[in-house]
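Novice: Here is how the chains run, residue by residue.
Protein chains: 6
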Amino acid sequence: MPQPDHISRLGVPHPDGLDDDLRAIWRKCQDKLGFVPNVYSAYSLKPQRLRNFMAMYNEVMLSDSGLSKLEREMVAVVVSSANRCYYCLVAHGAAVRMLSGDPELGEMMALNYRVAKLDPRQRAMLDFAWKMTATPWAIEDADRDALRAVRLTESDIFDLAETVAFLNLSYRMASATDMMPNREYHGAAR
Amino acid sequence: MPQPDHISRLGVPHPDGLDDDLRAIWRKCQDKLGFVPNVYSAYSLKPQRLRNFMAMYNEVMLSDSGLSKLEREMVAVVVSSANRCYYCLVAHGAAVRMLSGDPELGEMMALNYRVAKLDPRQRAMLDFAWKMTATPWAIEDADRDALRAVRLTESDIFDLAETVAFLNLSYRMASATDMMPNREYHGAAR
Amino acid sequence: MPQPDHISRLGVPHPDGLDDDLRAIWRKCQDKLGFVPNVYSAYSLKPQRLRNFMAMYNEVMLSDSGLSKLEREMVAVVVSSANRCYYCLVAHGAAVRMLSGDPELGEMMALNYRVAKLDPRQRAMLDFAWKMTATPWAIEDADRDALRAVRLTESDIFDLAETVAFLNLSYRMASATDMMPNREYHGAAR
Amino acid sequence: MPQPDHISRLGVPHPDGLDDDLRAIWRKCQDKLGFVPNVYSAYSLKPQRLRNFMAMYNEVMLSDSGLSKLEREMVAVVVSSANRCYYCLVAHGAAVRMLSGDPELGEMMALNYRVAKLDPRQRAMLDFAWKMTATPWAIEDADRDALRAVRLTESDIFDLAETVAFLNLSYRMASATDMMPNREYHGAAR
Amino acid sequence: MPQPDHISRLGVPHPDGLDDDLRAIWRKCQDKLGFVPNVYSAYSLKPQRLRNFMAMYNEVMLSDSGLSKLEREMVAVVVSSANRCYYCLVAHGAAVRMLSGDPELGEMMALNYRVAKLDPRQRAMLDFAWKMTATPWAIEDADRDALRAVRLTESDIFDLAETVAFLNLSYRMASATDMMPNREYHGAAR
Amino acid sequence: MPQPDHISRLGVPHPDGLDDDLRAIWRKCQDKLGFVPNVYSAYSLKPQRLRNFMAMYNEVMLSDSGLSKLEREMVAVVVSSANRCYYCLVAHGAAVRMLSGDPELGEMMALNYRVAKLDPRQRAMLDFAWKMTATPWAIEDADRDALRAVRLTESDIFDLAETVAFLNLSYRMASATDMMPNREYHGAAR
Chain D
0 MPQPDHISRL GVPHPDGLDD DLRAIWRKCQ DKLGFVPNVY SAYSLKPQRL
50 RNFMAMYNEV MLSDSGLSKL EREMVAVVVS SANRCYYCLV AHGAAVRMLS
100 GDPELGEMMA LNYRVAKLDP RQRAMLDFAW KMTATPWAIE DADRDALRAV
150 RLTESDIFDL AETVAFLNLS YRMASATDMM PNREYHGAAR
Chain P
0 MPQPDHISRL GVPHPDGLDD DLRAIWRKCQ DKLGFVPNVY SAYSLKPQRL
50 RNFMAMYNEV MLSDSGLSKL EREMVAVVVS SANRCYYCLV AHGAAVRMLS
100 GDPELGEMMA LNYRVAKLDP RQRAMLDFAW KMTATPWAIE DADRDALRAV
150 RLTESDIFDL AETVAFLNLS YRMASATDMM PNREYHGAAR
Chain C
0 MPQPDHISRL GVPHPDGLDD DLRAIWRKCQ DKLGFVPNVY SAYSLKPQRL
50 RNFMAMYNEV MLSDSGLSKL EREMVAVVVS SANRCYYCLV AHGAAVRMLS
100 GDPELGEMMA LNYRVAKLDP RQRAMLDFAW KMTATPWAIE DADRDALRAV
150 RLTESDIFDL AETVAFLNLS YRMASATDMM PNREYHGAAR
Chain Y
0 MPQPDHISRL GVPHPDGLDD DLRAIWRKCQ DKLGFVPNVY SAYSLKPQRL
50 RNFMAMYNEV MLSDSGLSKL EREMVAVVVS SANRCYYCLV AHGAAVRMLS
100 GDPELGEMMA LNYRVAKLDP RQRAMLDFAW KMTATPWAIE DADRDALRAV
150 RLTESDIFDL AETVAFLNLS YRMASATDMM PNREYHGAAR
Chain S
0 MPQPDHISRL GVPHPDGLDD DLRAIWRKCQ DKLGFVPNVY SAYSLKPQRL
50 RNFMAMYNEV MLSDSGLSKL EREMVAVVVS SANRCYYCLV AHGAAVRMLS
100 GDPELGEMMA LNYRVAKLDP RQRAMLDFAW KMTATPWAIE DADRDALRAV
150 RLTESDIFDL AETVAFLNLS YRMASATDMM PNREYHGAAR
Chain U
0 MPQPDHISRL GVPHPDGLDD DLRAIWRKCQ DKLGFVPNVY SAYSLKPQRL
50 RNFMAMYNEV MLSDSGLSKL EREMVAVVVS SANRCYYCLV AHGAAVRMLS
100 GDPELGEMMA LNYRVAKLDP RQRAMLDFAW KMTATPWAIE DADRDALRAV
150 RLTESDIFDL AETVAFLNLS YRMASATDMM PNREYHGAAR
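Residue numbers (numbering that gives the first Met the number 0), protein chains in the order written: chain D, 0 to 189; chain P, 0 to 189; chain C, 0 to 189; chain Y, 0 to 189; chain S, 0 to 189; chain U, 0 to 189.
If we strip away everything but chain D, and leave its shape as in the complex, we get (with noise of 0.2 Å):
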């Protein structure tokens, strides 16, 4: 049973023809990764795009805050689960074996994160992240007052409502384009 070799349906254009800011960056991937992400190889269709993506993602996913690299990957699955978005689920749900070091807490994020056992402040971001994804327009003062109750700051509810946002941004351009992730994720940190 064959599965896809596509990477984006909507193609996407070899790398020798890109600008040289990009192909700087797509060599960096291959030294540290072993591989380019399809998310940046899909992109690349529209260079400047591209570059708006990477620093939004990395602020939102890397830079310092409140939420743990691990909150935030553990958050992107639960987002992408809600929506059953396969590549967002592969790359994040790798990101949280990774960083966790626990191969069930990322199946549990992915499958139903309802099941995992977790104390209270992530609890309380998860659902939190759900429901921001679920039914936005229902969220009122009592859900940042949930968050507040387990001691994140109005900077930390920031953060977290940014790295459900961008999510729901990237997941969706998974979906319209049936983005494929890399093989490379499925075997890492089982």
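Accuracy of the hints is not assured; some may be wrong.
Identical chains share a label here; the pair holds if one copy fits it or two copies do between them.
Claimed, not checked - Derived pair list, reagent style SDA-like, types lysine to any residue, alpha-carbon separation capped at 20 Å:
# : residue 1 : residue 2
1 : K31       : A141
2 : K45       : E153
3 : K27       : G16
4 : K116      : H5
5 : K130      : Q29
Since the hints were derived computationally from the structure, they do not count as laboratory data.
For this one, chain D is given, so just place chains P, C, Y, S and U on it according to the hints.
Specialist: The following block gives chains P, C, Y, S and U in isolation, referenced to the frame of chain D:
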């Protein structure tokens, strides 16, 4: 982040107290799989109900049928995915990986089967399984005809229907009791 | 307006060709009820699967349990109502009328159980049955605790859960095969 | 298991205190039906609103129309079924049984109209009624054209639409006030 | 981008052919509003049904009640918002702007009432209106008690319920006939 | 009825404390629009995140593309409508009115785009935008082909997808922080 160590929230009797026939099955599982599936342990609270469950499981998933064992496991994973059953996704996902030798196929079934490259027969089976799980009241002649169009016989349709129905029973038992899958499934056939 | 005269859209074998044990059951049904329930006829396409189904049905609905037979039939009707299964609503609705001697109670269970005047124990059971049918992934400790609060034991919760789970199997078989209920149910115990 | 004996949770004035025209209607109901429909009693809290309701009811359900009275009652039951209104299902279900002389037809309309053997004109009417009840915002030219294709005139479509709309008013009054149907409906025309 | 110029997809009779009482109403509308509301024109296809509709409209929206006219218009907009009825949102939105003198309030009611700064009484009324529109089958004593807690009388609850119910009738007529609002509403009271 | 005067529930820093580049943008907004859009003020809590957001906004909504600016604003309003985002509906609704010179078109996009008279290309774009927002997991080749059928290029599809995805990010930030739109939008281009 220590994960749940219970098998079922309703408790599990010690295996030494089980009837002889069940203890024999426990030994066989240990020999063959290296562990007793937690669904059996959870069900052993009620020995006769466990026997009935095992009889149905064996007939539905393992007996001769126009649907291959892999196809039935694919159906099982898709039904479990529709309702985000952690136990079933982990256990049947491992079965898909083992039977297909294709780790990605298991992931696709669990996360969003629509992204997989399937032949029309399998796709029709999985679409029927999803609809029969999510909106059974809306199934009409046209849905059965779509299966006949990809050459399922009446007998095949019966077997497909019972596979879907059985999984709708078993994932609800797992959800209602917060059943946890054996850890051995996670690493299997990656 | 002539109504459907089929039993199942997948066809039904002539009873004379059935194995001896099944023909004995057919005779017993004729003697006791005056008819063979159509679910048996529909399932007789696959004799071993029918045997497993009957064994499970008898254990779940008729064996000793902390839940009375009437309570289990009420659960059956509410589960069927959640998914608008014509066969199950007619058959189990008749059972509620017979066991309770209260025709209105059967109607309320079938049409909207929330309007019935129920004691807290029954209401809690039916709320759990609805949730376990409609959104099983969202069941958590609080839902089981709500049952314990009205004095269901762990054993009762198991039996309640399996009643719900079994009905989720059987109404899906009815929907998938467009199974029609025996006409005798309609007038029974009005 | 004693069932509710209230008529409406908002209370009902004593009939002796009603205006002459309403008392005349009460007497006419007693003579013709043997009882005053509870919806009238519930509405008599506000006499002018009751008069308007009765005027609309009579025009929509009983005046000359390209839709037969039975067809309008079938529509009424299906609309009530979509929203699980106990009062309306019991009252209009009885009307379907009386007008059709077919107890099963009433049950099918109430429980899941898709299982009934209907001619294309009736099926199209009921599909429109369901959609107009459940997702009115999604009705487009194609839905009206489907009615024209089974030879409904513009006048028939207007009458069908107002029947659906009126029932969406009346079952909501019943739900909002927890209105109970008269017991006489249950046994009628079984 | 020329927008629709029809009033109703089912056609509208020429006003000159209407009965005297209706022509008098047409003249009164022209004098008072400068136009005849399209809902009247659309309904004039069936004069008696129009008369019933106007009688109910006047009683529900304009008669004396414990709910102010503005409150009833706010309810009307929120009910229409729940089902995305273009006609009703434009017409009743204009009424909210006129009665409140607050253009933003009309927008909030139409787009998402949860963002408005409302007193508890109004918020409770609108929450009830939303639930009674979206999931009427789930209304229970607790929902009525929430209205009593903010001092709505039984009479007020009746009027609130009928306002919600009436709007559920009228927006469905608008959706079923693709009724277009008069252009005059758009600029009114901005 | 005084309406909310906050900009974001997470607070907003005083503009005088912002970095030079942001203060320059604030001045430019004041000069050109007469106000600083509240989304910028809300985001200024985190200057680098604001810069990334503005870069993406400018590229997605304003750069050269096969989709006109009006078309992108129509998409923005429809995406916001699907999730009832007050901020986005007010801000992008004003943009549709300004770019189209058609106040009704803005209303239709915000309230129910299906009632507008659109050419097939625009209708296909908005149907895709709705589906990609509401059920992204169900997008398949057929959905992309429907866009190609009305002559969108692969590049146009990419831009459409990113417009939808970006709005799914931005309205979630607005919902999560209860962001209020500037009052200037309400009266603009009526």
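Novice: Hints first: check each against the structure and report whether it holds.
Specialist: Quick rundown of the hints versus the structure:
no., hint, in the structure
1, K31 with A141, "neither (43 Å within a copy, 37 Å between copies)"
2, K45 with E153, "between (35 Å within a copy, 11 Å between copies)"
3, K27 with G16, "within (17 Å within a copy, 37 Å between copies)"
4, K116 with H5, "between (37 Å within a copy, 11 Å between copies)"
5, K130 with Q29, "neither (37 Å within a copy, 35 Å between copies)"
Taken one by one, the earlier hints fail for this structure at numbers 1 and 5, listed in ascending order.
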